[in-house]
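The listed protein sequences derive, respectively, from chains Z and W. Start counting the first sequence at 0; every next residue gets the next number (this note's numbering). Start counting the second sequence at 474; every next residue gets the next number (this note's numbering).
Keep in mind that the hints are not guaranteed to be accurate.
Label pairs and their calculated CB-CB ranges [claimed, not checked]: (1) W:E566 x Z:E117: 54 to 62 Å; (2) W:K811 x Z:M30: 47 to 55 Å; (3) W:K832 x Z:V73: 44 to 52 Å; (4) Z:R113 x W:V493: 23 to 31 Å; (5) W:F596 x Z:N112: 19 to 27 Å; (6) W:P494 x Z:E122: 46 to 54 Å; (7) W:K597 x Z:M30: 53 to 61 Å; (8) W:L782 x Z:E122: 39 to 47 Å; (9) Z:E122 x W:V493: 15 to 23 Å.
Sample of chain Z residues at the chain W side, in silico, Cβ under 10 Å [stated by the list, open to error]: (10) F36; (11) V37; (12) L39; (13) P40; (14) G43; (15) G50; (16) V54; (17) E56; (18) Q77; (19) D81; (20) P83; (21) E85; (22) N103.
Since the hints were derived computationally from the structure, they do not count as laboratory data. We put the beta carbon where it would ideally sit given N, CA and C, even for glycine.
Okay, here's what each chain looks like letter by letter:
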Amino acid sequence: MSDKKFSKQHEWISIENEVATIGITKHAAEMLGDVVFVELPEKGKNVEKEGQAGVVESTKAASDIYTPITGEIVETNQSIVDDPAEINKNPEGTAWLFKIKIKNKSELDELMNRADYEKFVKENPS
Amino acid sequence: MEIQKTALYNYHKSLGAKFVPFAGYEMPVQYSSGVIEEHKMTRNNAGLFDVSHMGQLSIEGSRNLAEELEKIIPIDLEKIKLNQSKYSFLTNENGGICDDLIVTRVENGFNIILNAACKNSDFKIFKNSLGNKFKLTLHKNLSLIALQGPNSSEILEKIIPKVSSLKFMNGNKFSFSEKSVYVTRSGYTGEDGFEISLPDNLAENFAKRLIEQGAKPIGLGARDTLRLEAGLCLYGHDISETTNPIEANLKWAISKRRREEGGFVGYSKIKSDINGRLNRLRMGIKPEGKIIAREGVKIFSKDNQEIGLITSGSFGPSVNGPVAMGYVKYDFSKPGTKILLEVRGKKCDAEVSELPFYKKSYVR
């Protein structure tokens with residue numbers, strides 16, 4: 000897998016050939032607190048960059064997940080639907096959310112690398 | 474208005490608390506272990522809660538104080554024994570609830586615990602009703618610490634000897650650091666536990682002692698899931714100025730004599746609810762899947778008529794699934810009634826349920 004890229008909505012994206020794996024960052028998982036429910040998009044669904052593509056809920060609140068790129072959902076991670084707490088344990092690894100067949104590779108250029116994302120988080124604490 | 478801090482603020486910080494503004498106070502919402510772990514620690518061991526933001530009101534007066542207070546509090550205050558506590562509320566002209574509270578009879582009058590968000594408006598209600606005949610003090614220098622969970626009694630006994638002799642919903646004066654503190658065996662988690670009222674300058678030392686003895690600090694996040702599983706109302710959500718105590722399923726909290734005689738604010742408006750059929754009733758709502766139904770989610774009958782609204786809901790860590798409560802039309806309030814919840818535009822199966830979702834036996 001290539002290096003991860005990051006969005007301002009705190010998603011990470013990792014590219015392998017034409018397919019991107021997407022999840023939420025460790026920072027996002029910490030901000031959410033204990034995740035107790037996950038809703039993922041349907042396989043085969045076409046999603047737009049920065050469009051809503053799922054929901055994660057903690058005991059406190061529900062938060063939308065956005066996709067950082069446009070494309071077709073080709074796989075979803077059912078194991079985190081069964082065990083949402085995995086998102087707190089390993090958000091940037093086993094607890095990936097869904098995979099997208101990339102439609103427009105140039106969208107990737109608009110995303111941040113890890114150093115830039117970490118800087119972004121520091122500058123935008125919430 | 475500047476945000477206020479409790480006497481334990483720095484101590485919470487040192488314990489790794491994450492803070493949120495709540496009712497004008499900077500309060501710990503969780504510590505590093507997280508809401509679910511804190512919830513379970515309270516159910517299995519003992520949790521320490523800083524509830525110093527809540528109002529502590531003392532009303533001092535002679536014999537007719539109980540009689541005067543009965544005009545605004547719908548319980549049999551004459552009958553409350555010394556050091557006995559009761560759950561009740563203040564009602565408005567329409568029979569709605571201005572606040573819910575715990576009242577305890579003490580030697581020279583009553584102590585009343587009020588919600589933080591309502592305490593100043595409550596004080597005005599008391600003042601307007603009682604006039605200058607009695608001495609009212611909304612304490613500014615008292616902390617309130619709750620210790621909740623099955624090990625509470627054993628832990629507190631080591632710091633305040635003989636405290637374990639208290640029975641549920643009873644209190645007494647004890648001493649800590651050679652100062653008088655008032656302890657009641659009560660709480661709002663569905664667990665056995667205590668609430669300790671003590672001077673601000675003793676609070677940190679007292680909290681440290683509890684932690685040393687094995688209590689864990691618990692934030693507002695777990696306090697909410699604990700009270701929700703226990704079926705207890707959160708003011709401003711499950712009960713408010715626009716819900717009356719009868720439809721809120723709190724008829725039990727109005728003494729029998731008061732239900733018959735009335736004599737409190739708003740009685741005429743709720744009399745028909747007391748004696749007859751209600752329009753709606755607060756019930757437990759149990760989603761059938763994993764989906765969480767939160768405040769504001771609409772409730773439908775199986776044939777798609779809108780029949781109510783969720784007033785609070787989350788994930789119940791001890792139930793290990795979603796739990797909620799809300800108001801449903803009376804015809805649909807029977808436990809076991811199948812209903813639908815509209816979450817993010819989709820209708821999800823659920824069932825009307827008895828409360829609480831989680832039951833513990835109190836020391837009586």
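Hints, one by one, checked against the model:
A C-beta distance of roughly 57 Å is found between E566 of chain W and E117 of chain Z, which places it inside the suggested range of 54 to 62 Å. For the pair K811 of chain W and M30 of chain Z, the beta carbons lie near 37 Å from each other, so the given range of 47 to 55 Å is not met. Remark: the range hint 44 to 52 Å for K832 of chain W to V73 of chain Z is upheld by a beta-carbon distance near 46 Å. For the pair R113 of chain Z and V493 of chain W, the beta carbons lie near 29 Å from each other, so the given range of 23 to 31 Å is met.
Between F596 of chain W and N112 of chain Z the Cβ separation comes to about 56 Å, which falls outside the hinted range of 19 to 27 Å. Our hint of 46 to 54 Å for P494 of chain W and E122 of chain Z is violated, since their Cβ atoms are close to 22 Å apart. Distance hint check for K597 of chain W and M30 of chain Z: the Cβ-Cβ separation is about 39 Å, which falls outside the suggested range of 53 to 61 Å. Range check, L782 of chain W to E122 of chain Z: Cβ separation about 40 Å, and the 39 to 47 Å hint holds.
Take E122 of chain Z and V493 of chain W: their Cβ atoms lie about 22 Å apart, and the range 15 to 23 Å holds. Hint status for F36 of chain Z: holds, given a least beta-carbon distance of 5 Å to chain W, under 10 Å. Because the closest C-beta pair between V37 of chain Z and chain W is about 9 Å apart, less than 10 Å, the hint holds. Taking 10 Å as the C-beta cut-off, the interface hint given for L39 of chain Z is violated, the closest approach to chain W being about 12 Å.
Interface restraint check for P40 of chain Z: the shortest CB-CB distance to chain W comes to about 13 Å, outside 10 Å, so the restraint is violated. Nearest Cβ of chain W to the Cβ of G43 of chain Z: about 18 Å, over the 10 Å cut. The hint is violated. Using the Cβ-Cβ criterion of 10 Å, the hint placing G50 of chain Z at the interface with chain W is not satisfied: the shortest such distance is roughly 15 Å. Contact between V54 of chain Z and chain W, as hinted, is supported at the beta carbon level, the nearest pair being about 7 Å apart and thus within 10 Å.
Contact between E56 of chain Z and chain W, as hinted, is supported at the beta carbon level, the nearest pair being about 5 Å apart and thus within 10 Å. The restraint placing Q77 of chain Z at the interface with chain W is violated, with a minimum CB-CB distance near 12 Å, outside the 10 Å limit. Taking 10 Å as the C-beta cut-off, the interface hint given for D81 of chain Z holds, the closest approach to chain W being about 9 Å. With a cut of 10 Å, the hint placing P83 of chain Z at the interface with chain W holds, because the nearest CB-to-CB distance is about 8 Å.
Against a cut-off of 10 Å between C-beta atoms, the interface hint on E85 of chain Z is violated, since the closest Cβ of chain W lies about 13 Å away. The beta carbon of N103 of chain Z comes no nearer than 28 Å to any beta carbon in chain W, farther than 10 Å, and the hint placing it at the interface is violated.
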